[in-house]
Amino acid sequence: MTGRRLFYVKFSLIIFLFFNIIMFFYGTFMCVATGRTVKRQMENQCRGIAVSAAELIRQDIGGYRQFITDMDTSDPYYRKMKSSLESIRRGNQDNIAFLYTEVRVSETEMMYIFDAEPEDAPTFAPPGLTEPLTAPRKAAYDSGELVIGDFVTTPWGTLLSVYAPITDPATGEFLGIVGADISKKQYDAVMNYQLAIIAGCGVILALMTVVMLFSVSGRIEKLVIRDGLTGLFTRSFFTKWLKYQMKQSVKKNKPLVVCMADLDHFKLINDTYGHPFGDVVLKAVSASMLSALRRFDCIARYGGEEFAVFLPGLTLADSESIIKRLHESVGAAVIFNKESKKNVAVSISIGVTQFVPGQAYSDVLENADKALYDAKKTRNTVVFQ
1 MTGRRLFYVK
11 FSLIIFLFFN
21 IIMFFYGTFM
31 CVATGRTVKR
41 QMENQCRGIA
51 VSAAELIRQD
61 IGGYRQFITD
71 MDTSDPYYRK
81 MKSSLESIRR
91 GNQDNIAFLY
101 TEVRVSETEM
111 MYIFDAEPED
121 APTFAPPGLT
131 EPLTAPRKAA
141 YDSGELVIGD
151 FVTTPWGTLL
161 SVYAPITDPA
171 TGEFLGIVGA
181 DISKKQYDAV
191 MNYQLAIIAG
201 CGVILALMTV
211 VMLFSVSGRI
221 EKLVIRDGLT
231 GLFTRSFFTK
241 WLKYQMKQSV
251 KKNKPLVVCM
261 ADLDHFKLIN
271 DTYGHPFGDV
281 VLKAVSASML
291 SALRRFDCIA
301 RYGGEEFAVF
311 LPGLTLADSE
321 SIIKRLHESV
331 GAAVIFNKES
341 KKNVAVSISI
351 GVTQFVPGQA
361 YSDVLENADK
371 ALYDAKKTRN
381 TVVFQ
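Heads up: the sequence shown begins at 1 in UniProt numbering, then just goes up one per residue.
Just so you know, the hints here were simulated from the structure itself, not pulled from any lab data. Note that the coordinates shown come from a computational prediction; the quantities given were computed from them, not determined experimentally. We treat Cβ as the ideally placed atom computed from N, Cα and C, and that holds for glycine. Treat the hints with care, since some could be wrong.
Per label pair, the in silico range of CB-to-CB distance [what the hints assert, rightly or not]:
{"no.": "1", "residue 1": "Arg-325", "residue 2": "Val-356", "range": "50 to 56 Å"}
{"no.": "2", "residue 1": "Arg-40", "residue 2": "Ser-74", "range": "30 to 36 Å"}
{"no.": "3", "residue 1": "Ser-143", "residue 2": "Glu-339", "range": "28 to 34 Å"}
{"no.": "4", "residue 1": "Ala-121", "residue 2": "Leu-229", "range": "33 to 39 Å"}
Taking lysine-lysine and the DSS-like style, the derived pairs with C-alpha atoms no more than 27 Å apart in a straight line are [claimed, not checked]:
{"no.": "5", "residue 1": "Lys-80", "residue 2": "Lys-252"}
{"no.": "6", "residue 1": "Lys-338", "residue 2": "Lys-283"}
{"no.": "7", "residue 1": "Lys-240", "residue 2": "Lys-39"}
{"no.": "8", "residue 1": "Lys-138", "residue 2": "Lys-267"}
{"no.": "9", "residue 1": "Lys-247", "residue 2": "Lys-80"}
{"no.": "10", "residue 1": "Lys-243", "residue 2": "Lys-82"}
{"no.": "11", "residue 1": "Lys-80", "residue 2": "Lys-251"}
{"no.": "12", "residue 1": "Lys-185", "residue 2": "Lys-324"}
{"no.": "13", "residue 1": "Lys-251", "residue 2": "Lys-82"}
{"no.": "14", "residue 1": "Lys-138", "residue 2": "Lys-39"}
{"no.": "15", "residue 1": "Lys-324", "residue 2": "Lys-377"}
{"no.": "16", "residue 1": "Lys-240", "residue 2": "Lys-370"}
{"no.": "17", "residue 1": "Lys-370", "residue 2": "Lys-243"}
{"no.": "18", "residue 1": "Lys-251", "residue 2": "Lys-267"}
{"no.": "19", "residue 1": "Lys-240", "residue 2": "Lys-80"}
{"no.": "20", "residue 1": "Lys-370", "residue 2": "Lys-283"}
{"no.": "21", "residue 1": "Lys-324", "residue 2": "Lys-254"}
{"no.": "22", "residue 1": "Lys-185", "residue 2": "Lys-39"}
{"no.": "23", "residue 1": "Lys-39", "residue 2": "Lys-247"}
{"no.": "24", "residue 1": "Lys-283", "residue 2": "Lys-377"}
{"no.": "25", "residue 1": "Lys-80", "residue 2": "Lys-254"}
{"no.": "26", "residue 1": "Lys-342", "residue 2": "Lys-267"}
{"no.": "27", "residue 1": "Lys-324", "residue 2": "Lys-283"}
{"no.": "28", "residue 1": "Lys-185", "residue 2": "Lys-254"}
{"no.": "29", "residue 1": "Lys-138", "residue 2": "Lys-82"}
{"no.": "30", "residue 1": "Lys-185", "residue 2": "Lys-283"}
{"no.": "31", "residue 1": "Lys-267", "residue 2": "Lys-185"}
{"no.": "32", "residue 1": "Lys-252", "residue 2": "Lys-82"}
{"no.": "33", "residue 1": "Lys-243", "residue 2": "Lys-324"}
{"no.": "34", "residue 1": "Lys-370", "residue 2": "Lys-254"}
{"no.": "35", "residue 1": "Lys-80", "residue 2": "Lys-243"}
{"no.": "36", "residue 1": "Lys-39", "residue 2": "Lys-80"}
{"no.": "37", "residue 1": "Lys-338", "residue 2": "Lys-267"}
{"no.": "38", "residue 1": "Lys-252", "residue 2": "Lys-267"}
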């Protein structure tokens, strides 16, 4: 029996050793695969942020052109645009290192226009600062298209940059690029954790690799800031931005209005014309509402056919004209259905409230929801809470 037990022990040790060798190579493979996945996901997140910032600038391309010419940092346009870019940067600080815009000034140099870093930060690049063109930057300027580079050493650190083109929406003219950077430190922080997992080997190695993959995926993907169907901001981005605006409202003693809106009879539209046409309606309504707002207001698709809006710097009384314009823009939308060969009319109900200092985020949304609930009783109306 002793010999048989010894055999079983030796056999078990051999199997365990063999298993650990297999798991070591499997863990190594998973680490490499995870590194590629993490890098790709960080690139995609970075790309989404750069494209969104470029779209924000396109909404007032005339102001951007004028600032490039004047470089007047006392201009209200500069302050508003810088504040918007800083908000995007703060909302994604775990995923990007820098966010900025620039133009090409020669074959070998570029010039910064906007930088989302605070002006007192040592990494702030003031308007007019020039730098040599890196290869990815040159590719972005030469092609006029979105470019994803690889890690390059710069005066600001070793960075992987994504460059999105800034174009005039009316003429298509290429005016420069938005840059969003991932630092090597951010990437290495994830990869060093993976190497620590390999040292553990065995089952723990495999399990921790999978856990890390999913945790990193969730952390990056949850901050996507644009809704894929409508192009409006997502609920998660709206939530973060509104919480920041609430703090600014208290700090600067400025009013803030919040709205919840819901399309009327949207289920009937889907049932009558089909879900693909329902998507067409959501896109058209989103475009109409966006056109009715100021460039520094925020509108998001909150869920399904529900939308959320906040208007900084306005009281309920001040906001009435904008809310009226927002409401009427939906009713005026011309949405043609090809199958029935007729225009389909839509309407929207809106609930409006004003943020009161001391209120929690949930309280503000609850008040707006209550106002929306009252508006839905009659539909196609606006109720101020």
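Exercise for the section: Sort out which numbered hints this structure fails and list those numbers smallest first. Expected result: 1, 2, 3, 8, 12, 18, 23, 28, 30, 31, 36, 38
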